[in-house]
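> What follows is each chain in one-letter form.
Protein chains: 2
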Amino acid sequence: MSKGFDDIISKVSECSVKTVSVAVAEDSAVLEAVKAAKERNIANAILVGDEAKIREVASSINMDLSGFEIIHEPDMIAASLKAVSLAHEGKADMYMKGLIDTKNFLKSVLDKEVGLRTGSPLSHVCVFEVPGIEQLLFLTDVAFMTYPTLEDKVNIIKNTLPVTKACGINCPKIAPLAAVEVVNPKMPATVEASELTRMCAEGQITDCVIDGPLSLDLAIDPEAAKHKGATDRKIQGDADILLFPDIHAGNLVYKAIVHMVPGVKNGCILTGTKVPVILTSRSDTFETKVNSLALAAVVAEEMKKKA
Amino acid sequence: MSKGFDDIISKVSECSVKTVSVAVAEDSAVLEAVKAAKERNIANAILVGDEAKIREVASSINMDLSGFEIIHEPDMIAASLKAVSLAHEGKADMYMKGLIDTKNFLKSVLDKEVGLRTGSPLSHVCVFEVPGIEQLLFLTDVAFMTYPTLEDKVNIIKNTLPVTKACGINCPKIAPLAAVEVVNPKMPATVEASELTRMCAEGQITDCVIDGPLSLDLAIDPEAAKHKGATDRKIQGDADILLFPDIHAGNLVYKAIVHMVPGVKNGCILTGTKVPVILTSRSDTFETKVNSLALAAVVAEEMKKKA
Chain A
1283 MSKGFDDIIS
1293 KVSECSVKTV
1303 SVAVAEDSAV
1313 LEAVKAAKER
1323 NIANAILVGD
1333 EAKIREVASS
1343 INMDLSGFEI
1353 IHEPDMIAAS
1363 LKAVSLAHEG
1373 KADMYMKGLI
1383 DTKNFLKSVL
1393 DKEVGLRTGS
1403 PLSHVCVFEV
1413 PGIEQLLFLT
1423 DVAFMTYPTL
1433 EDKVNIIKNT
1443 LPVTKACGIN
1453 CPKIAPLAAV
1463 EVVNPKMPAT
1473 VEASELTRMC
1483 AEGQITDCVI
1493 DGPLSLDLAI
1503 DPEAAKHKGA
1513 TDRKIQGDAD
1523 ILLFPDIHAG
1533 NLVYKAIVHM
1543 VPGVKNGCIL
1553 TGTKVPVILT
1563 SRSDTFETKV
1573 NSLALAAVVA
1583 EEMKKKA
Chain B
1283 MSKGFDDIIS
1293 KVSECSVKTV
1303 SVAVAEDSAV
1313 LEAVKAAKER
1323 NIANAILVGD
1333 EAKIREVASS
1343 INMDLSGFEI
1353 IHEPDMIAAS
1363 LKAVSLAHEG
1373 KADMYMKGLI
1383 DTKNFLKSVL
1393 DKEVGLRTGS
1403 PLSHVCVFEV
1413 PGIEQLLFLT
1423 DVAFMTYPTL
1433 EDKVNIIKNT
1443 LPVTKACGIN
1453 CPKIAPLAAV
1463 EVVNPKMPAT
1473 VEASELTRMC
1483 AEGQITDCVI
1493 DGPLSLDLAI
1503 DPEAAKHKGA
1513 TDRKIQGDAD
1523 ILLFPDIHAG
1533 NLVYKAIVHM
1543 VPGVKNGCIL
1553 TGTKVPVILT
1563 SRSDTFETKV
1573 NSLALAAVVA
1583 EEMKKKA
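Chains as they are written, first to last, in the working numbering: chain A, 1283 to 1589; chain B, 1283 to 1589.
Hints in this document: simulated from the structure, not taken from any laboratory. Hints may be right or wrong, so weigh each one.
Intra- or inter-copy, both count: the list cannot distinguish identical chains.
[As the list claims (entries may be wrong)] Derived pair list, reagent style DSS-like, types lysine-lysine, alpha-carbon separation capped at 25 angstroms: (1) Lys1510 - Lys1335; (2) Lys1508 - Lys1547; (3) Lys1317 - Lys1510; (4) Lys1385 - Lys1468; (5) Lys1385 - Lys1508; (6) Lys1468 - Lys1389; (7) Lys1373 - Lys1385; (8) Lys1510 - Lys1385; (9) Lys1547 - Lys1510.
Based on the sequences and whatever the hints tell you, model everything.
Below you can see the structure in the form of structure tokens.
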């Protein structure tokens, strides 16, 4: 079982080499991540964008472009559609955002002809390696779906299962989180958490264990679970997937971890798509971008196995 | 300005010695905290409950009861009403929960004759000292108010201001948090955050600075604020009060900090009451209980000044 990004990166080395197509690649932070991904044998890249600008940016970061395919397309929208079509056609195994705004990037992802739709709504998963916590934590959704309904939460879970599987976890423990660990009819998040738990117990959701509502301490801290006497629960501090009630809760916890926990590592992808999509933000560190590429690579391998 | 619990505890030493009344005091964890509070000159205590049981528990933790007033009242409800009436009458400066369930404890707090009502709704504030973050962080509401309305949020702010003031912060910076830092009409939390910001700018809320909606990185990380170019904002990583959109977001962040950040210290009280109320939970550590008593003591001093 993978427990850290080192394990994910060594999993990558067991896969065939993957290729990422980059939409509007003339972005120094993105090219630096792509360069490192190539050097560390995480992935090759096809760079779609304005070739002159790509060469200029690459030169400014001392990046040797000789090992990369470049497709010249100076128009931003056309470049994103070209880049996504490479993933659509199977010429690339994952798709990454470059110097293009999120709205237009997502338009390319959702394009009916050359995009990456699967029929499932998109959701975001962020994988964390937290010092002191034994298992990897898969947080969802902290960035994309705003106020998921119960149906959306089922889809989020289904989108996340290939990601945990790709990281070596065959039957992940899923904690639908809330402020409390008992159902309170006045708190819809607890009712939905209970409903998801029932759906899993009755076989409507498979290949995982669901136990909620759960407070965060019971989900991630075995000592706290023991102290609270939660010995009858299926999850006792060993949750793999943390399912958040809404984007505010998810995003605030995500940022609390990133900005308060020393030595934390993370990587994120968008799922529910034909291939993993890497949608890093300006504020992500270089290592987070490289980790996201590694995560996408193992997920791409898992999706290929399944297809 | 206080920046850590050491500063809060040294502030306590500048105040007249405070007294806490404890409802149903026959609880070992509570007596241990009360014992330490006395030893560290944080507070004296009046122990209300079953005297024989109090003596038995005290003996089991090697606690010398000679310096404590004990009021014998074996009935739980009667004991809580006696203990709260001491605070109501000014014979105690703060009120603490012992071996009584939260529901009945709160009933005593809200009792119309001997309780601690002020006309304001109750809210909870949790003070954090986080390694690497320069200012103390005042998180509200992570435990009491479930889905605060805009009006509730105004009251939460008013309840929290005496707490920041007691810790030496005269004009705290308040960040109404959300997943994003721009108003999105589809996200009510961002609309309310913007409304609170306007109310403060127009003088409807005073003695503080409010800037929201704010994402957590912009609220607590000056580097992130600089990186995102948020130079026109009133808060740039230096927020004092973190105002959460609802209890799920607040509680999950609170527990993420407690269970993931090494070396963190915290203490919490209930506010909106005539005197500070200490409502620690089983899962709080010994140090958190003592910190909560220290926090309550400086807040009690501040409230006395104001009265």
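> So, for every hint listed, does it hold in this structure?
Against the structure, the hints come out as follows:
1. Taking identical chains as interchangeable, the C-alpha atoms of lysine 1510 and lysine 1335 lie at most 25 angstroms apart only when they sit on different chains, with a minimum of 23 angstroms there against 58 angstroms within one chain.
2. Within a single copy, lysine 1508 and lysine 1547 get their C-alpha atoms only as close as 27 angstroms, which misses the 25 angstroms cut-off; across copies the closest is 22 angstroms, which meets it.
3. For the homomeric pair lysine 1317 and lysine 1510, the shortest alpha-carbon distance between copies (24 angstroms) is at most 25 angstroms, but the shortest distance inside one copy (48 angstroms) is not.
4. Proximity of lysine 1385 and lysine 1468 under a CA criterion of 25 angstroms is satisfied inter-copy only: 16 angstroms between copies versus 35 angstroms inside one chain copy.
5. In the homo-oligomer, the alpha carbons of lysine 1385 and lysine 1508 lie at most 25 angstroms apart only across protomers (24 angstroms), although the nearest pairing inside one protomer, at 45 angstroms, exceeds that limit.
6. Taking CA atoms no more than 25 angstroms apart as the test, lysine 1468 paired with lysine 1389 passes between copies only; the shortest distance there is 20 angstroms, against 37 angstroms inside one copy.
7. In this assembly of identical chains, lysine 1373 and lysine 1385 lie within 25 angstroms of each other by CA distance solely inside one copy; the values are 24 angstroms within and 62 angstroms between copies.
8. Within a single copy, lysine 1510 and lysine 1385 get their C-alpha atoms only as close as 45 angstroms, which misses the 25 angstroms cut-off; across copies the closest is 18 angstroms, which meets it.
9. Only between protomers do lysine 1547 and lysine 1510 lie at most 25 angstroms apart by alpha-carbon distance; the minimum there is 21 angstroms, versus 29 angstroms within a single protomer.
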